[in-house]
Amino acid sequence: MSEANVAPTLVEEGHIQADETPYDDFEDEANDVASVGGSSYTSITSSILRGEIGEGGRTYAVYGKEVAEYGLPMDEAELDRIDMCHAKYYALLEKKRFLAPIGSNPQKILDLGCGTGIWCIDVADEYPSAEVIGVDIAPTQPDWVPPNCRFELDDIERPWMWKENSFDFIFCRDLLLACRDFPKLIDQCYTHVKPGGYIEFQAVTACIGSDDNTLPLDGSFQKFADNLNNSANIFGTPIDDPLRWKGWFEKRGFEDVTVKVVKLPCNTWPKDPRMKVLGAWEMENLLSNLEGMTMRVFQKALGWTADEVSVFLVGVRNEIRDRSIHAYWPYYIVHGRKPLSG
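Numbering (this note's numbering), first residue to last: 1 to 342.
Among the hints, erroneous ones may be present.
Derived SDA-like pairs (lysine to any residue); straight-line CA-CA distance at most 25 angstroms [to be verified]:
| hint | residue 1 | residue 2 |
| --- | --- | --- |
| 1 | Lys-184 | Trp-248 |
| 2 | Lys-194 | Arg-252 |
| 3 | Lys-276 | Tyr-90 |
| 4 | Lys-163 | Thr-191 |
| 5 | Lys-95 | Asn-148 |
| 6 | Lys-260 | Gly-14 |
| 7 | Lys-260 | Gly-247 |
| 8 | Lys-246 | Pro-195 |
| 9 | Lys-223 | Leu-287 |
| 10 | Lys-246 | Ala-206 |
| 11 | Lys-251 | Ser-341 |
| 12 | Lys-95 | His-15 |
| 13 | Lys-96 | Gln-107 |
| 14 | Lys-276 | Gly-209 |
| 15 | Lys-246 | Gly-14 |
Calculated from the structure, these hints are not laboratory results.
Turn these sequences into a full structure, and let the hints guide you.
So, in structure tokens, the structure goes:
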């Protein structure tokens with residue numbers, strides 16, 4: 001079996017009990033739980049951001065020295081979704097923003113691919129001792145931030161300009177369909193984190209699972225996951241990379257590398273109230289973002305037309321809403337410590 005096809009290993013997460021109560025109005029439930037308001041975003045100029053491209057009614061960023069293309073949109077709808085996902089992950093990790101044991105007095109924290117900046121703002125409030133820096137390719141951060149928080153516009157896959165050995169903690173989340181070379185990114189993290197400092201990567205993979213075999217293997221949802229994996233590989237941004245993070249961390253020299261994988265329900269099928277709310281958030285995330293996740297990469301990588309993508313997604317939406325399908329995504333959290341002698 002090739003490294004790319006290694007099945008995800010789920011740890012520290014038992015079987016989720018399903019809720020057998022009939023319920024039809026799936027989308028309304030998700031909307032009630034997951035509604036997130038918009039906000040105002042700042043405008044920053046830099047040579048890093050090469051421009052914007054409108055495709056299918058969505059806006060995409062074009063960036064970097066090689067004029068790379070980002071797989072997901074970067075417009076107001078996407079920014080609202082990012083903020084919703086921030087709340088979802090906070091609940092998924094039981095009111096934790098990260099799991100690395102960084103202590104109570106960090107001095108400098110870096111968030112790679114900070115998006116709207118919401119994680120940076122929360123962490124800056126929680127750790128007033130720290131200077132918190134968020135970096136992203138797009139100018140999508142708010143104007144009003146804590147005094148110990150700031151944002152920079154840059155491409156994190158290019159050489160970093162920060163001082164080596166300068167960060168206590170480097171964090172990144174959901175860089176799938178964005179990062180083309182995680183080993184290189186991990187190398188830059190190792191160079192710039194202080195000896196004894198931590199890095200942590202988090203992401204959902206598209207290796208969809210079901211403990212009770214209620215996910216039809218020939219159904220639209222499974223085909224969606226398979227096509228997303230295949231197209232992401234062709235696009236140059238493999239979304240099963242989290243399965244290899246631990247090995248890459250250790251190969252670069254990080255110690256005490258820890259992996260936690262938790263299950264994120266795809267709709268409101270769980271009986272447990274917390275997991276049901278998480279499923280409502282994820283269902284809303286999927287239903288509101290199917291075109292965003294697929295339209296560009298399916299057309300560019302698989303050669304589909306926009307109409308073919310749209311027709312395919314009809315069946316995917318139906319299965320996402322179907323509470324008899326007890327599907328979940330594996331959510332990976334991997335952190336490691338740079339040796340004191342590093």
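Holds or violated: Lys-96 to Gln-107, with C-alpha atoms at most 25 angstroms apart: holds (19 angstroms)
25 angstroms Cα cutoff - pair Lys-276, Tyr-90: With a Cα-Cα distance of about 15 angstroms, the restraint between Lys-276 and Tyr-90 holds, given a limit of 25 angstroms.
Satisfaction of hint between Ala-206 and Lys-246, Cα-Cα up to 25 angstroms: holds (18 angstroms)
Pair hint Lys-246 and Pro-195, alpha-carbon separation not exceeding 25 angstroms: holds (19 angstroms)
Agreement of Lys-194 and Arg-252 with the hint, judged by alpha carbon distance not exceeding 25 angstroms: holds (15 angstroms)
Pairwise hint evaluation, Leu-287 against Lys-223, where the allowed Cα distance is 25 angstroms at most: holds (16 angstroms)
Satisfaction of hint between Gly-209 and Lys-276, Cα-Cα up to 25 angstroms: Since the Cα atoms of Lys-276 and Gly-209 sit roughly 17 angstroms apart, the hinted pair holds (cutoff 25 angstroms).
Satisfaction of hint between Ser-341 and Lys-251, Cα-Cα up to 25 angstroms: Holds. Lys-251 to Ser-341 sits at ~16 angstroms (cutoff 25 angstroms).
Satisfaction of hint between Thr-191 and Lys-163, Cα-Cα up to 25 angstroms: holds (9 angstroms)
Agreement of Lys-184 and Trp-248 with the hint, judged by alpha carbon distance not exceeding 25 angstroms: Holds - the C-alpha atoms of Trp-248 and Lys-184 are around 10 angstroms apart, at most 25 angstroms.
Holds or violated: Lys-246 to Gly-14, with C-alpha atoms at most 25 angstroms apart: holds (22 angstroms)
Hint consistency between Lys-260 and Gly-14 [alpha-carbon to alpha-carbon, up to 25 angstroms]: holds (13 angstroms)
Checked against the numbered hints given earlier, the structure satisfies every one of them.
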